[in-house]
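Asker: Just need the whole structure built from these sequences, with the hints factored in.
As they're listed, the protein sequences go chains U and E. Here the first sequence stands for residues 1 to 271, where the numbers follow the numbering used here. Here the second sequence stands for residues 1001 to 1242, where the numbers follow the numbering used here.
Don't read these hints as lab results, they were simulated from the structure. Ideal placement from N, C-alpha and C gives every residue a C-beta, glycine not left out. Some clues are possibly wrong.
To be verified - Some but not every residue of chain E turned toward chain U, in silico, with C-beta under 10 Å: (1) H1073; (2) G1075; (3) I1146; (4) A1183; (5) L1186; (6) D1187.
One-letter residues, chain by chain:
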Amino acid sequence: MRHNSIRYACFALFFCVTIFLTVSDQSSAQAPTTQNPPASAAPQSANPQTPNIVFSDSPRPRPGLNIVVLDPAHGGTDTGARGTGGIRESEIVLQFALQVRRALEAQGFQVIQTRMANENPSFDDRSAMANAQVGAVFISLHVSSTGQPGTVRVYVNSDLPPSSGGREAGGLIPWDRAQAPFLFLSHKLGDFVQGNLAVRFRGSPGSAQAAAIRQLRTTAAPAIAVEISSVSVNDRLDLDRMAPGVADAIARGVTDFRPSYVVAGIPGGLR
Amino acid sequence: MNTRWVGMVLGGLFGAVIIAGLYFPILKQRVKQTAKIQPQSEEQARRELTQSLTANPTEARVKAKLFWASNAHDGSLVPATVELPLSNEPVLRAKQVLNTLLAGPAEPELRTLPPDAVLLAFYLLPDGTGIADFSEAMASSIPSGIESEQRAMDSITRTLAANVPQVTRLKILIHGQEVETLAGHLDLTGSFVVSPRGAQAASSAQPDLLTSSSIRLEPPLTPRSASRQTYAATREQPTNSR
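Answerer: Quick look at the structure:
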């Protein structure tokens, strides 16, 4: 009888310790998240589901620049800039994209559009379309609400904090700064396109400007944003008339840029 | 039957004592940690409440440089000199300057920020990073576009650089929240360089964006392996000299 009670005691002890260990395991697993100060100012990854890395090595890269990823900005519920006359940025850029696409295809480029209709892929989804390509450039199309009507400006991403050595171990570059190694090429592409636009649209600046543009930051390719002024025009025809000139200037700019694209040591570029 | 019960109860109690003994230090540690976090935020909140924004009459009137849009309507900014009673305390000074910037210039079409936007709070971290928290209107009333959003940001950073040298970088919050973009274009996830010192700090130290250390493949040299290597080196020396 006495023997039995000891056995029960041991069993109870074992049971309690097991429960304690599982409970303490769980609480220690949760501890790091709960102990973080809540008002952390550190920027977080925009989309936690998106992988934070870009695979830059493709099995069979085709040499040179062949693909243009064309990004009509906004779409869906996001109309972008809206004029008092009811002009919506998201509609205008889709129309412009069609003309730019034709002009680029006439120059022998393969064109991929980030959206074909009134839908709104996320910033990361749009970047991912360019990052999946080898030998591509990324061009985002916008219509502004400000600026002198009839002018067009080209923007590149402003300087990004450098990562350690530009390229990470294992050929990976961080998603959050995917644009950093391409900034030099983006500036070159931007200047070529802006130069061609300045000839056609008086009052436009002579070279590309820098701005902290969210869409360009996660794009691992030479990337520019082209912004047309503006939705404030009273007649939509004023904007429509600009489309052929914008399309032609972009196609010429990308063609001018083509020889500059071959630079060694750039992930995704030609090795 | 009775002894069995006594045994079980005793066993249970014994287990409970051991659990309590083990758990108590952990609990104590956690209480200590939470206590460490709270006083700071409480103090911050109190400081926020007690600080009044009304200019102190004893504060000397100084010439502040505020950046608004230029008359040329080409998207550029020009500095306007305004005499303001400014505090010497950097946080208060930043608030006074930004509130004047929000109030706008004499000609309303030259303003760079929406008229209904309000500065809710301004913090200054020890490393020189300022955090400006604006009301919802800052994002919803600003004309959407790369040019207009960049100009708004430029006017804020250049005005701070000209008047509050302590602020080297600037982070923008909208209604206390971190947002992805200002109005669909401008990236607010990172911080903006205000002064050259801020740019230097960013390039020398690891940036505040997602660090690469999480995917570093080579483990750093641990103290133990390092000491082993130096030991091997010192041991080799005598044999070489012989």
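Asker: Given I1146 of chain E as an interface hint, is its Cβ closer than 10 Å to any Cβ of chain U?
Answerer: Because about 5 Å separates I1146 of chain E from the closest Cβ in chain U, which is inside the 10 Å limit, the hint holds.
Asker: Should the hint that L1186 of chain E touches chain U count as held when the rule is a Cβ pair under 10 Å?
Answerer: holds, 6 Å
Asker: Go through the hint on G1075 of chain E and say holds or violated, using the shortest Cβ distance to chain U against 10 Å.
Answerer: holds, 6 Å
Asker: Does the nearest C-beta of chain U fall within a distance shorter than 10 Å of the C-beta of H1073 of chain E?
Answerer: holds, 7 Å
Asker: Taking the closest Cβ pair, is D1187 of chain E under 10 Å from chain U?
Answerer: holds, 4 Å
Asker: Does A1183 of chain E pass the interface hint, meaning its C-beta sits closer than 10 Å to a C-beta of chain U?
Answerer: This hint holds: A1183 of chain E lies near chain U, its Cβ roughly 9 Å from the closest one there, short of 10 Å.
Consistency note: the structure conflicts with none of the earlier hints.
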